[in-house]
Every structure is written in structure tokens, then in C-alpha cells.
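**Student:** The lines below spell out each chain.
Number of protein chains: 2
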Amino acid sequence: MRALVTGGAGFIGSHLIDRLVARGDTVVVLDNLSSGKLEFIQTHLDSGSAHHVLGDLTDFETVLSAMKGIDCVFHLAANPDIRLGTRVTDTDLKQGTLATYNIVEAMRRCEVQKIAFASSSVVYGENAPLPTPENHGPCMPISLYGASKQAGEGLISSWVGTFGIQAWIFRFANIIGTRGTHGVIFDFIHKLKADPSRLEVLGNGLQEKSYMEVEDCVDGILHVMEHSNNALNLFNLGSHDTASVRRIAEIVVEETGCSGASIEYTGGDRGWAGDIPRAMLGIEKMLSSGYNVRFNSEEAIRHTARALIQEIGMPGDD
Amino acid sequence: MRALVTGGAGFIGSHLIDRLVARGDTVVVLDNLSSGKLEFIQTHLDSGSAHHVLGDLTDFETVLSAMKGIDCVFHLAANPDIRLGTRVTDTDLKQGTLATYNIVEAMRRCEVQKIAFASSSVVYGENAPLPTPENHGPCMPISLYGASKQAGEGLISSWVGTFGIQAWIFRFANIIGTRGTHGVIFDFIHKLKADPSRLEVLGNGLQEKSYMEVEDCVDGILHVMEHSNNALNLFNLGSHDTASVRRIAEIVVEETGCSGASIEYTGGDRGWAGDIPRAMLGIEKMLSSGYNVRFNSEEAIRHTARALIQEIGMPGDD
Numbered sequence: 002m003r004a005l006v007t008g009g010a011g012f013i014g015s016h017l018i019d020r021l022v023a024r025g026d027t028v029v030v031l032d033n034l035s036s037g038k039l040e041f042i043q044t045h046l047d048s049g050s051a052h053h054v055l056g057d058l059t060d061f062e063t064v065l066s067a068m069k070g071i072d073c074v075f076h077l078a079a080n081p082d083i084r085l086g087t088r089v090t091d092t093d094l095k096q097g098t099l100a101t102y103n104i105v106e107a108m109r110r111c112e113v114q115k116i117a118f119a120s121s122s123v124v125y126g127e128n129a130p131l132p133t134p135e136n137h138g139p140c141m142p143i144s145l146y147g148a149s150k151q152a153g154e155g156l157i158s159s160w161v162g163t164f165g166i167q168a169w170i171f172r173f174a175n176i177i178g179t180r181g182t183h184g185v186i187f188d189f190i191h192k193l194k195a196d197p198s199r200l201e202v203l204g205n206g207l208q209e210k211s212y213m214e215v216e217d218c219v220d221g222i223l224h225v226m227e228h229s230n231n232a233l234n235l236f237n238l239g240s241h242d243t244a245s246v247r248r249i250a251e252i253v254v255e256e257t258g259c260s261g262a263s264i265e266y267t268g269g270d271r272g273w274a275g276d277i278p279r280a281m282l283g284i285e286k287m288l289s290s291g292y293n294v295r296f297n298s299e300e301a302i303r304h305t306a307r308a309l310i311q312e313i314g315m316p317g318d319d
Numbered sequence: 002m003r004a005l006v007t008g009g010a011g012f013i014g015s016h017l018i019d020r021l022v023a024r025g026d027t028v029v030v031l032d033n034l035s036s037g038k039l040e041f042i043q044t045h046l047d048s049g050s051a052h053h054v055l056g057d058l059t060d061f062e063t064v065l066s067a068m069k070g071i072d073c074v075f076h077l078a079a080n081p082d083i084r085l086g087t088r089v090t091d092t093d094l095k096q097g098t099l100a101t102y103n104i105v106e107a108m109r110r111c112e113v114q115k116i117a118f119a120s121s122s123v124v125y126g127e128n129a130p131l132p133t134p135e136n137h138g139p140c141m142p143i144s145l146y147g148a149s150k151q152a153g154e155g156l157i158s159s160w161v162g163t164f165g166i167q168a169w170i171f172r173f174a175n176i177i178g179t180r181g182t183h184g185v186i187f188d189f190i191h192k193l194k195a196d197p198s199r200l201e202v203l204g205n206g207l208q209e210k211s212y213m214e215v216e217d218c219v220d221g222i223l224h225v226m227e228h229s230n231n232a233l234n235l236f237n238l239g240s241h242d243t244a245s246v247r248r249i250a251e252i253v254v255e256e257t258g259c260s261g262a263s264i265e266y267t268g269g270d271r272g273w274a275g276d277i278p279r280a281m282l283g284i285e286k287m288l289s290s291g292y293n294v295r296f297n298s299e300e301a302i303r304h305t306a307r308a309l310i311q312e313i314g315m316p317g318d319d
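Each protein sequence line maps, in turn, to chains A and B. Our numbering applies: residue 2 is where the first sequence begins, and numbers increase by one. Our numbering applies: residue 2 is where the second sequence begins, and numbers increase by one.
There's no promise every hint is true.
In this list, chains with the same sequence are indistinguishable; a pair is considered to hold if it fits within one copy or across any two.
[Unchecked claim] In silico DSS-like cross-links for lysine-lysine, where the CA-CA straight-line distance does not exceed 30 Å:
| # | residue 1 | residue 2 |
| --- | --- | --- |
| 1 | 38 | 194 |
| 2 | 38 | 286 |
| 3 | 69 | 95 |
| 4 | 115 | 95 |
| 5 | 115 | 286 |
Hint data in this document are derived by calculation from the structure and do not stem from the laboratory.
All chains should be modelled from the sequences, with the hints used to inform the complete structure.
**Tutor:** This is the structure in C-alpha cells:
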């Protein structure tokens with residue numbers, strides 16, 4: 002199969018490409034390298050299994066030319082910095098909503114039939130029951146990133162209903178793991194690398210969310226796609242439990258060896274405007290498809306902390 | 002209060018302005034007159050209660066300048082031709098999603114706190130339980146118009162969550178009445194005016210939807226806004242029952258006096274790709290706010306048919 006992976010040089014995309022190449026697919030990687038890195042997929046580029054197109058999803062002609070001859074699109078690219086949306090309010094509109102429009106419109110023009118889309122638990126907004134099932138409503142996102150993910154879902158759903166494409170929409174829990182380029186564990190390690198004596202944590206540390214290890218995530222995507230075949234398939238992907246930001250801080254302090262670091266909380270029930278304090282996805286539908294995760298939240302956090310500490314490096318290492 | 006009504010020279014907008022002026026508001030009407038008509042609001046323009054800004058919501062500077070000094074936005078403007086979305090696929094993206102982004106961003110810049118938004122039952126997509134309550138999920142629209150309405154809801158919801166505005170989102174049933182510029186009754190009258198001997202109906206005529214008279218709709222909007230005060234307020238607005246397209250065709254044939262007209266169905270369970278064959282909104286929440294409609298679906302249809310026949314004129318009239 003010939004796959005197009007948007008954001009394919011990024012965190013989740015590069016892990017997905019490992020799996021796609023392993024099963025024999027040829028992969029076109031469309032990535033503007035704003036946060037992705039070619040080194041993540043270098044072996045596949047060298048072997049010829051993957052081909053990188055440097056370009057931006059906001060440019061329709063770029064998307065159209067990358068779409069030619071594709072069997073299935075994995076649309077993972079997005080603005081990776083949710084907080085940025087509160088300062089530059091058209092970031093998610095352009096890199097999320099308009100980018101997704103360009104993808105589905107290019108699919109229509111090129112007669113590409115299948116798409117998998119990386120949506121997010123943030124589409125559910127606040128005050129959803131926990132764990133949150135796929136059929137929760139109304140979905141009222143509180144971040145601009147969440148609004149763009151919901152808009153992307155709607156565009157894809159309308160292309161299914163109007164033009165007959167087939168789609169898999171995945172609402173992700175917090176995905177963590179090697180090659181991470183952002184997120185709470187990544188931030189904490191960088192803060193401790195800069196100052197091993199203290200760790201500043203945004204909010205009161207009581208936020209509780211589900212964390213899923215990235216290899217569990219990409220295995221889940223491919224498993225679900227092989228085991229569901231409706232016109233539109235919607236699945237939460239997550240793990241069985243949650244972990245608090247406070248617990249993440251403790252684990253990162255422990256794993257970095259900064260045992261004397263004081264953990265300081267800025268206070269408030271959320272890290273930033275648009276952050277959701279508590280999130281946990283219902284994963285019954287995923288489990289019913291026959292897929293289960295290897296790691297629970299805390300295991301995924303510790304595994305990721307160790308891997309990222311290796312990647313980032315701490316003072317005194319080597 | 003100083004209100005901004007987008008699409009204020011249009012069908013629903015002009016009726017809303019009648020009510021706003023009656024209660025003493027001053028109204029800024031932002032309308033590109035693509036389907037609206039100034040004659041609908043001429044008395045209010047003449048009296049100085051309303052002021053028209055000719056401009057397009059896709060132009061941010063226009064929106065920004067119309068937003069100055071506004072207390073509450075009524076955002077009704079949209080692409081009125083749902084079927085157009087299947088041919089020109091960025092119509093709803095621009096006139097729906099981007100227009101709504103411009104509105105909320107201009108609100109943020111001008112510190113405008115309140116917005117009422119005309120969403121639609123089409124956000125629920127197909128296969129929703131009937132009647133459909135506000136908390137139905139997942140919402141998977143099948144038309145590009147529906148996708149743009151959902152995207153508009155998400156943008157507004159994220160501005161509530163991130164920037165602290167207050168919003169009322171109304172998911173409308175099929176709104177019909179005088180000054181209608183599109184829709185099934187409007188189309189049928191025009192077809193019979195052109196050829197009184199036959200009426201071609203798209204689909205098999207078995208589509209069943211709820212119809213709400215436009216004055217019931219605008220009264221509902223204002224009532225609900227006076228009787229709900231959450232940060233984000235979501236209400237279906239509709240009537241108690243449904244009517245079939247077949248029944249509408251019969252009523253229009255009867256009211257036009259074209260009693261000899263043969264009604265011919267093109268076949269198929271929907272009028273066009275992206276049409277939803279059956280729709281009925283749950284209106285418990287609206288009723289709980291203390292608001293009830295005057296007309297059921299069939300009454301609204303007959304009332305509208307009579308009024309539109311007057312407006313449009315039939316051969317042999319006058």
C-alpha cells in the first residue's frame with residue numbers, strides 16, 4: 002500500500018512509519034519540519050521505503066501533488082503547541098482546520114478513498130463524564146486546538162457523507178514516548194536540565210489525565226483499521242487509568258536523579274486557559290476491537306521519562 | 002442594547018431585527034446582500050433604529066469595524082445554499098467557518114462579551130435518535146454546511162473556554178416563513194409558477210423533517226437568552242412534530258391553486274448528497290425554558306406557503 006503520512010517526521014508520525022514500513026508499505030511523508038525531524042525516519046528514507054516532501058499543509062498545491070497515487074492518508078500533522086492558540090488565534094485554524102480541508106479536498110480530486118485522522122480527547126471539552134465514551138455529547142471544546150480537531154472531524158465526516166470516502170477518526174489520550182517534541186514530561190526534563198534544584202509546575206499539579214505510550218498508540222491505529230470497516234469509524238485510543246501532574250513531576254525528578262529538586266506549583270486548577278483539568282477516555286470500543294495497551298499511565302510515564310532523558314541528556318551525563 | 006446582526010438583511014435576520022427594534026435595541030446589520038434584501042429592514046433603516054454595513058464576513062477588517070461598541074452579536078450569516086457545498090467545496094469553509102472565526106476574533110479584540118449563533122440540526126448527522134436531544138453524540142455531519150456549523154460551534158465554545166465570552170448556540174430545525182429566499186417551499190412555488198402543470202420533487206418525497214415558523218424561531222432565541230445564563234448555552238429550537246416532503250408538495254399545490262399539477266418524484270431517499278432524510282429535534286430543553294411554539298410543522302408550512310405565494314406571486318395574480 003502507498004500511504005501518505007502528514008506530520009510523518011514528527012513524534013507520532015515517525016513511530017507510525019516504523020510500523021507501516023515494517024508491514025511493507027511505501028510511505029510519502031509530508032512534513033514542514035516545524036517540529037518534526039528527518040533523523041526520526043532517516044533509516045526509512047535511506048532504504049527508499051519512505052520519501053519526504055518538504056511542504057506545508059496550508060498550501061493546497063503541495064498537498065495535491067503529494068496526494069497523487071496514494072491509497073490511504075494518515076493525517077497526523079497539527080500545531081503541536083496547544084498553548085500557542087491563546088496568543089496567535091489563527092494558528093489552529095490554519096494548521097488544523099484549513100490543513101484538513103486541503104487534505105480531504107485533495108483526496109476528492111485524486112480519488113483517494115481512505116483516511117485515518119488523529120483527533121484528540123480535547124474535543125470532549127470540560128465536564129464530560131469520566132471515562133468519556135465516543136458517544137458523549139455535546140462536544141464543546143474549550144481550547145482553540147480542540148476546536149480545530151472537532152472541525153477536522155466534521156470535515157472528514159462530511160466528506161464521508163457527501164463524497165463517499167472511508168474514514169477512521171481516533172480521539173487520542175495524551176500520547177507520550179520517545180521522540181517527543183513537546184508535552185509535560187518533555188518540559189519537566191528541560192526545566193530540570195536548566196536548573197536541577199527546582200521544578201516549576203504550571204497549575205496546582207492535581208490535573209489528572211490518561212497517558213498512552215506512543216507505540217501502543219500506533220499499534221492501536223493499525224489494529225483498529227484492520228478490524229473495523231464502516232464508512233466512518235470513530236475510536237477513542239487511551240490507557241486504562243490516569244496519572245496526576247504531581248505524580249509525573251515526582252517520577253521525572255526521580256528518573257533525572259535530581260532528588261533534591263523542590264517541586265513548586267504556580268497554583269490554579271489548570272496549566273493554562275483552555276487546559277482541561279481532568280480527562281480519561283472510555284476505551285471499551287478499542288478493547289472490543291481486540292486491541293489492548295501494554296502500559297498503564299504511570300508505566301508509560303516512567304518509560305517515556307527514561308527514554309527522553311536519554312534523548313535530551315542531563316548535565317553530567319556522558 | 003447595541004446589537005450586531007450578521008445576515009441581518011436575510012430571512013431569519015430581518016425577522017430578528019423586527020423584534021430587537023421593537024424592544025428598543027439599536028442594530029448594526031452586517032450583510033453582503035448575497036441573498037438578503039434591504040427592503041426586509043427598510044423601515045428600521047429609515048427610522049434610524051438599524052444601520053446597514055455592506056460587507057463580507059470573510060473580510061476581517063470589515064468585521065472588526067462593525068464590531069466596535071457592540072454589546073451582543075447575533076451571528077446568523079451563512080451560505081444559504083447547502084447543495085452548493087457539493088460543487089464548490091470551500092463555500093461553507095469560507096462563509097461558515099472562517100466567517101465565524103472572524104466574528105469571535107473581532108469580539109476578542111473589541112471586548113464584546115455575548116454572542117448568539119445560528120447552528121443547525123444538520124450537525125447531528127445521520128442515524129441520530131429522533132427526536133434528537135442536545136446531548137446526542139457523536140455529532141458527525143454529512144454535509145459540508147453541517148461541518149461548517151459544527152466548526153462554528155467549536156470556535157465559539159473555545160472562545161468561551163479560553164477568552165471568557167458568553168454564548169448561546171441554537172440548533173435550528175428547518176425554519177420557514179415570509180421573506181424566505183430558499184428552501185423547499187420556496188422552490189416548489191417557483192417551480193409551479195414556471196409550470197403549473199407539474200411539480201418535480203427531488204427524492205422520493207418521504208423525507209420527514211421538523212419545520213418551525215420564523216417568528217416562532219426569533220421569539221425562541223430572545224426568550225431563551227433571557228432565561229439562561231451559563232457561560233455556554235446550547236438549545237435546539239424546533240416544533241413538536243414533522244412533515245414529509247410529500248405533504249409539503251400537496252399543501253403547496255393546494256395553496257397555489259394548481260390543483261391539476263402532477264407531482265413527480267425523482268426517486269431516492271434524499272434530495273441530494275449530504276441531505277438527511279429524517280430529522281426531528283428534541284425540544285424539551287426549549288420547553289423547559291418556558292418557551293413554546295405557536296405552529297406545528299404542517300401549520301407552519303401552510304402559513305408559509307400562503308405568505309410566500311403572496312410575495313412571489315403566481316401567474317394570473319393581480
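**Student:** Work down the list of hints and note, for each, if the structure agrees.
**Tutor:** Now for the hints, and whether the structure bears them out:
{"no.": "1", "hint": "38 - 194", "in the structure": "within (22 Å within a copy, 64 Å between copies)"}
{"no.": "2", "hint": "38 - 286", "in the structure": "neither (33 Å within a copy, 50 Å between copies)"}
{"no.": "3", "hint": "69 - 95", "in the structure": "both (23 Å within a copy, 26 Å between copies)"}
{"no.": "4", "hint": "115 - 95", "in the structure": "both (23 Å within a copy, 25 Å between copies)"}
{"no.": "5", "hint": "115 - 286", "in the structure": "within (21 Å within a copy, 39 Å between copies)"}
Violated hint for the displayed structure: number 2, the only one.
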